[in-house]
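Given these sequences and hints, build the entire structure.
2 protein chains.
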Amino acid sequence: MAKRFSPEKYVEGILAGDRVMLSRTITLVESRLPADQELAQEVINRILPHAGKSVRIGITGVPGVGKSTFIEAFGNYLIQEAGKKLAVLAIDPTSQRSGGSILGDKTRMELLSTNPQAFIRPSPAGRSLGGVTRSTRESIILCEAAGFDVIFVETVGVGQSETAVHAMVDFFLLLMLAGAGDELQGIKRGIMEMADAIAITKADSSNIDKAKAARAEYQNALHLYPLSASGWVPRVSICSALQHSGLDTIWKTIADYLKLTQGNGYFEKKRRDQNLQWMYEAVRQGLEEHFYAHPQVKQHLSDIAEEVKGGQKSAFAAATELLKLV
Amino acid sequence: MAKRFSPEKYVEGILAGDRVMLSRTITLVESRLPADQELAQEVINRILPHAGKSVRIGITGVPGVGKSTFIEAFGNYLIQEAGKKLAVLAIDPTSQRSGGSILGDKTRMELLSTNPQAFIRPSPAGRSLGGVTRSTRESIILCEAAGFDVIFVETVGVGQSETAVHAMVDFFLLLMLAGAGDELQGIKRGIMEMADAIAITKADSSNIDKAKAARAEYQNALHLYPLSASGWVPRVSICSALQHSGLDTIWKTIADYLKLTQGNGYFEKKRRDQNLQWMYEAVRQGLEEHFYAHPQVKQHLSDIAEEVKGGQKSAFAAATELLKLV
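Protein sequences appear in the order of chains A and B.
Using numbering that gives the first Met the number 0, the first residue of the first sequence is number 0, and each one after it goes up by one.
Using numbering that gives the first Met the number 0, the first residue of the second sequence is number 0, and each one after it goes up by one.
Among the hints, erroneous ones may be present.
[Unchecked claim] In silico BS3-like pairs for lysine-lysine, Cα to Cα no more than 30 Å straight-line:
1. B/K308 - A/K269
2. A/K268 - B/K323
3. A/K308 - A/K297
[To be verified] Below, a sample of chain A positions facing chain B; criterion: calculated Cβ distance under 7 Å:
4. Q40
5. L47
6. V282
7. L286
8. F290
9. A304
10. K308
11. G310
12. S313
13. A318
14. L321
15. V325
The set of hints was computed from the structure by calculation and includes no laboratory data.
No experiment lies behind these values; they were computed from the predicted model shown.
No residue lacks a Cβ here, since even glycine has one placed at the ideal position from N, Cα and C.
Next comes the structure, spelled out in structure tokens:
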């Protein structure tokens, strides 16, 4: 690993918007070395008063929906038309590719990855969902302190990572494809329920009528959900990254959401709740990591687990037995 | 509390189908006294080889759907027509009523509660979801060992208790009302996704056409979900507890499910996975209970939590600080 600096040096660099120092600090956050972890926490605690001033947007969608192309187009729109500075982070714990992320393939975001107003950071490789979640949450703070005022957190629309992303963003955008009647396939229903907005992608040329039909269908489906505590009614729109159409509508939707929820106090309340939830989650992770790393537990876990699976030992008795080992 | 017996005495009583001893053991399971807990675990571990030979059916539905009336009718059908012995348990952590449960109101299940082939046990009062979940899982084992070969675990169709019930049953039945177009209201979508079958209740007299329309609508909606790993395609049927109609269809559905999943190994695999999941959950609960009961943690938690909520301290730093207290 590269040489380390004093906490002051990292803080100074980040606050000055130094992208190299930002990257280096994120690397510290992702490191498993206790010394790096300690240094990272020191930096984060110092930087915290300068963070929080962004809109955090979760973006998800199944493979094939055109997520990278959408982020490239929408990101460039935000930089050019709305004067924003954009950071793109990813949560992709399952990826085994080198680079560790769907964002690793930067050729898909050619413009964005070379734009000085944008900062793209792939998901760390080879980490559990819990590990990726933690480092992404802390990377958000670092990016905010470095002056990025829009944060995208992208994830792939399968598995549990959406729940993790939903718990760390202000606004959750679901990308969907217009299909042939069965467009609800592939995406888990629980994910639709989390969406503050749905954007139907690839609404161009011969596809536009299908996209409009899908828009009506989803709008209809969303009306069946109970109203969110925020008072916000999720919206559905269509867009084309190719033709750069519909991006303004999506940004307007997000702006309307912010206006509503910052006005009624929901935005602030949600962030406070997220902070607290994150603390309890970190405690739980810490307790479990410590427990399952204990030599006695490591030695006996698999035998006990076999007995439990086979019904020879009750789960609670097994847990009690394990807990007594420490 | 009533006097306690030796573990042998409880085990003997339960295996002989003694309902009083079964009740007493469940009371031990629900007790928070360490001595009772220890005794309960001893009994459960001895009884475990005799448990497992039942079909565990989760039943949920929003208030007003007629859950108690359905359970009364379906339960009596299973006893009379299928020769079953039925235990009805409940998970209802939010209930503040005396008796602690929707089942507390036994007048709603007049026939079932006096039938010697049935055993009805309300949810324990004043416990957290985690506590109720644990005692219900262990009560299932005790009821099975006492010879009950169908176990209903009922819960109210709101909140997180469905997920807990789903994780402890073989088959998940969702009761729904036929409404006027917006029948998906009130029930969370994630719950529909868990259902192995949906039964539209109150399909009698003037309501029958609406029920049939709802059946078609749900059947359609369920087709949009990805196929379950079990290979089972969820079914929708209509029934009337008043007219005792449709109960045979529901039982046939459950029998078909068992045939399929016991044939392809899914049934056994699911139970083994549930056992293991329950063990990890019990470890987690044990770790957290122990941690949050620590005097130092109790003393500092609320101050630290305030700092985290307000963004003065990072969640991870706070967690580290808390973990160091123990």
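To test your reading of the hints: which numbers does this structure violate? Violated: hint 15 alone.
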